[in-house]
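Residue numbers (the working numbering), protein chains in the order written: chain A, 1 to 149; chain G, 1001 to 1149; chain W, 2001 to 2149; chain D, 3001 to 3149; chain Z, 4001 to 4149; chain L, 5001 to 5149; chain S, 6001 to 6149; chain X, 7001 to 7149.
It is worth saying that the hints were derived from the structure and are not from the lab. Being a predicted model, the structure only gives us computed values, none of them experimental. Each hint should be verified, as a subset may be incorrect.
Subject to a maximum C-alpha distance of 30 Å in a straight line, what follows is the list of computed DSS-like cross-link-like pairs (lysine-lysine) [what the hints assert, rightly or not]:
no., chain 1, residue 1, chain 2, residue 2
1, W, K2004, W, K2088
2, L, K5134, Z, K4054
3, X, K7134, S, K6134
4, L, K5086, Z, K4004
5, L, K5054, L, K5004
Far from chain X, some chain S residues (derived; all Cβ distances over 10 Å) [claimed, not checked]:
no., residue
6, S6031
7, A6032
8, A6039
9, V6045
10, D6052
11, G6084
12, K6088
13, G6111
14, Q6115
15, L6143
For every residue, glycine included, the Cβ atom is placed at its ideal position computed from N, Cα and C.
8 protein chains.
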Amino acid sequence: MTLKVYLSGEIHTGWREEIIDGAAGLDVSFSAPVTDHDASDDCGVAILGAEDKKFWHDNLGAKINAIRTRKGIEDADVVVVRFGEKYKQWNAAFDAGYAAALGKSLIVLHGDDHQHALKEVDAAALAVCQEPRKVAQILQYVLTGNLPG
Amino acid sequence: MTLKVYLSGEIHTGWREEIIDGAAGLDVSFSAPVTDHDASDDCGVAILGAEDKKFWHDNLGAKINAIRTRKGIEDADVVVVRFGEKYKQWNAAFDAGYAAALGKSLIVLHGDDHQHALKEVDAAALAVCQEPRKVAQILQYVLTGNLPG
Amino acid sequence: MTLKVYLSGEIHTGWREEIIDGAAGLDVSFSAPVTDHDASDDCGVAILGAEDKKFWHDNLGAKINAIRTRKGIEDADVVVVRFGEKYKQWNAAFDAGYAAALGKSLIVLHGDDHQHALKEVDAAALAVCQEPRKVAQILQYVLTGNLPG
Amino acid sequence: MTLKVYLSGEIHTGWREEIIDGAAGLDVSFSAPVTDHDASDDCGVAILGAEDKKFWHDNLGAKINAIRTRKGIEDADVVVVRFGEKYKQWNAAFDAGYAAALGKSLIVLHGDDHQHALKEVDAAALAVCQEPRKVAQILQYVLTGNLPG
Amino acid sequence: MTLKVYLSGEIHTGWREEIIDGAAGLDVSFSAPVTDHDASDDCGVAILGAEDKKFWHDNLGAKINAIRTRKGIEDADVVVVRFGEKYKQWNAAFDAGYAAALGKSLIVLHGDDHQHALKEVDAAALAVCQEPRKVAQILQYVLTGNLPG
Amino acid sequence: MTLKVYLSGEIHTGWREEIIDGAAGLDVSFSAPVTDHDASDDCGVAILGAEDKKFWHDNLGAKINAIRTRKGIEDADVVVVRFGEKYKQWNAAFDAGYAAALGKSLIVLHGDDHQHALKEVDAAALAVCQEPRKVAQILQYVLTGNLPG
Amino acid sequence: MTLKVYLSGEIHTGWREEIIDGAAGLDVSFSAPVTDHDASDDCGVAILGAEDKKFWHDNLGAKINAIRTRKGIEDADVVVVRFGEKYKQWNAAFDAGYAAALGKSLIVLHGDDHQHALKEVDAAALAVCQEPRKVAQILQYVLTGNLPG
Amino acid sequence: MTLKVYLSGEIHTGWREEIIDGAAGLDVSFSAPVTDHDASDDCGVAILGAEDKKFWHDNLGAKINAIRTRKGIEDADVVVVRFGEKYKQWNAAFDAGYAAALGKSLIVLHGDDHQHALKEVDAAALAVCQEPRKVAQILQYVLTGNLPG
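Next comes chain A alone, as it looks inside the complex (with noise of 0.2 Å):
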């Protein structure tokens, strides 16, 4: 058994390593968005030309991230959403709701202060989690039967 595992969210810390490091020897197969910002925020009119509105600019690069994003949520057997401490990161609760309408295993990860704000997308989750190797330890959990420690 294969587990698909897409890690959405936070961009900013290595939280996705330490997840990946977690799970050596794992049957995991990761996926994730493109985590360089810049990249990320210019893709469309580095690609397709420039843009006057910022509005059209913005909406041409999210629009090429979302063939990616997609992707990697239909594929996933397992969706990790991240939540860091800055930023609004709207994209990564809609990351959560997509993956929650399809029936996917969510798994979120934030700190103890964005607990109330988080309620509706715990709600919808399998596992909620304040540290990475928390992830790790549920894919190892699920994968072999194995409990840390």
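The hints should help you fit chains G, W, D, Z, L, S and X onto chain A, whose structure is shown.
Just chains G, W, D, Z, L, S and X, lined up with the frame of chain A:
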């Protein structure tokens, strides 16, 4: 043709009434989440009994609210999601993702300052508006073919 | 918004009436399986003719009952499943799994002594109640936003 | 043709091994839930931290187990559900209902004494067996056309 | 609960009327194919113009009839398929397969002499009857819980 | 049986009225896109504000029109697509493909000179007509079994 | 591109081998039902034990065969259904209807004398052939673009 | 992550090769319709025998081509549709609508002069390009996060 419209998101201003008033006389059936903030926050423990941990207090409530939210989105032809000035509003973005995955026609409503942060949500929408009356104008056009003024 | 609610499970106490009475005045449309135990057990052979083997006697009946059960669950927005004190009630758990796979909003109703044995069923639910009147309170809140007195 | 078979239900006897041994040499890919009873019961708190209430202790675990269970059932061509002599086994019936709603080919495995109580589950099955070796014979026939003996 | 019932198959005897009469007073909505044999055979060329080849003559008609047949089956809760004494009736078996794949509740109606030849169709059904009045009795039981006599 | 019919395509002749008149007295519910060419072209900027680029001017409008178009096609039992003498009419062919993928019953209406160019569209249809009155005759036959003349 | 092809229907002549031979060298993966008539008829009782009534004897077998048939059809890109000269072959027409409802590409194979009786089945097909080698030619063209001779 | 890309539309220039060359080294699996114009037009009669009427000549061929087209689109993650300078190309728009209804990521490729006529098709796309190398750049970015030059 009756158009079923679900009004998701911000609950602290009268934007829903503005749309409903603007759509007076049209064949639209509106639905919405519970917009009483306190009731929405506490419905879980008010019905099912107190929880010591805030996480479970919120979890009980969010799941009961989900009964209404899912029904509203799944029955809708059009889902309007409003992002206000304040708060994280991750539930609004979650609803937008949920609606998008189900193939609903999505209209997003927000001020200009949120434009960049909402680019992924906007990119999934069939219209992005800054004022509620624009949503009413869209509903009028969709149902009657008549444009404003 | 009419809420379609299917009342599955235990057929030996008046819990359905309690919920229906508690929801008086609400825009709810209830459905349920045939709750006459003897008719439900014997409907197959009563219509299609006797069978020597108990397995086929039961099989004929269970399949005819499935016409009603499937219709009720597939049409429902909310599926309430009640586990009583006695019997195996595997059909109740089967209905809960069937409803969960279809993405229905699931409410489970059972006493405390069944808590551990029903943990997988409860984990798929949006609410777990111990008393029928709690279900009626949930329906009232979902439809009107009003919490119990 | 590789047949994907999920083995759900009772975890206290060696029925899974009997089927897997009996299907040796066939193009079958088996999956199953975690069958270590203690790990399965406690996985939630072992990873995510202790809960005071038994309900939430169980809820955390059941949801993590659901990641594996749903993956197994949703990927499967055939879902075999075994009901043993003891316990309520509502999770087994829940899995059967879940599989039936997804249109999976269902095989139910139980002793004669449970026949009447399982009539609704059996009625949704393509085969009802009393012994694990019968399941292996069915898999052999389905894949090769060869009948036993 | 209104039950939508599509009556497919044989068009040379009055079995549809028998069922409809037997279900008088029940909340059932019946539909059926065009049962005028000549109109059904010739509708294509009568509307769209003559064809030299019998294959295209029949093809034009069968496709127009499919508009009604598909609508009837797709809207139905229950599909009843009747096999008469004569003719190949492959369209009846086709409708049964179509209904089965859509997860409709299937009732098959045929005489004893067709039992072996219809075993695959019967195996997909929730009831197999020999007489139209049995179908009416099933509909009565499903809707009211009342058994005959 | 009410038949829901969506009338897609060419907006410069009175073919819709011809079909609607021809179907007078039948239980048909018709819907259609906005057929005011100017309103349809400019609805986006009329409501949401001017765009410098023609591409975005058109994009805003096409997405608002898609709210109506998708609702019409998704609700329909039958989608009629008319190709006129002039223009590229790629939106008509797009609607036909959209309807085909959703399994709608498709009727295509066009003159003989477009036959070869429309062969892929026609091949997905249940009827291909040259005159609107033929579509009305098909609807009459499908609903009543009566043939013309 | 591997094309998955399911070969349904008549089991008394070598038409499957003709197609498989004709498709030698192409990237096709074939599957089929069990074609040993006796094994297919008796598999139920051979594995699960004798039944007194012919109906249940056949029912046990047909349901076990359905495990293979459904898997074959649901996995297929193309379903070929062959109607031979003899027997009712209702299972073949049932498979065709099942495949059509799932949106599979259907190829029907039969002699001229069955043309009228199979008109509804043929009308759902993308090709109707009289000889197995024509099916192989279609597969060759679909995969390589090369036409015969 | 292998990206499956279907290249639909215009068959008279080398745009497919340009994209395939531009995507060299990327994990992309391309598919496409038969691009031999004559074979594509005549495949029906070449295999199944001559037809007197052009309509049926074309119909036979279009349905055989649909076997490949549907397989390509349904398996794809991304559908690229190219509109050339000449011809009606309704099959290209039909494919775009088909892909959109299935929720595929759509990329449209056309020159500026077709912009207004393709506005509905473009509005359903995640990217609109004027040159094939832009499509290759999008594929590169989606798979690697690398932007051109």
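Outcome of the hint check:
no., hint, in the structure
1, K2004(W) <-> K2088(W), "holds, 27 Å"
2, K5134(L) <-> K4054(Z), "holds, 21 Å"
3, K7134(X) <-> K6134(S), "violated, 41 Å"
4, K5086(L) <-> K4004(Z), "violated, 44 Å"
5, K5054(L) <-> K5004(L), "violated, 35 Å"
6, S6031, "holds, 16 Å"
7, A6032, "holds, 19 Å"
8, A6039, "holds, 32 Å"
9, V6045, "holds, 39 Å"
10, D6052, "holds, 47 Å"
11, G6084, "holds, 20 Å"
12, K6088, "holds, 27 Å"
13, G6111, "holds, 14 Å"
14, Q6115, "holds, 14 Å"
15, L6143, "violated, 8 Å"
When the structure is compared with the earlier hints, violations turn up for hints 3, 4, 5, 15 and for no others.
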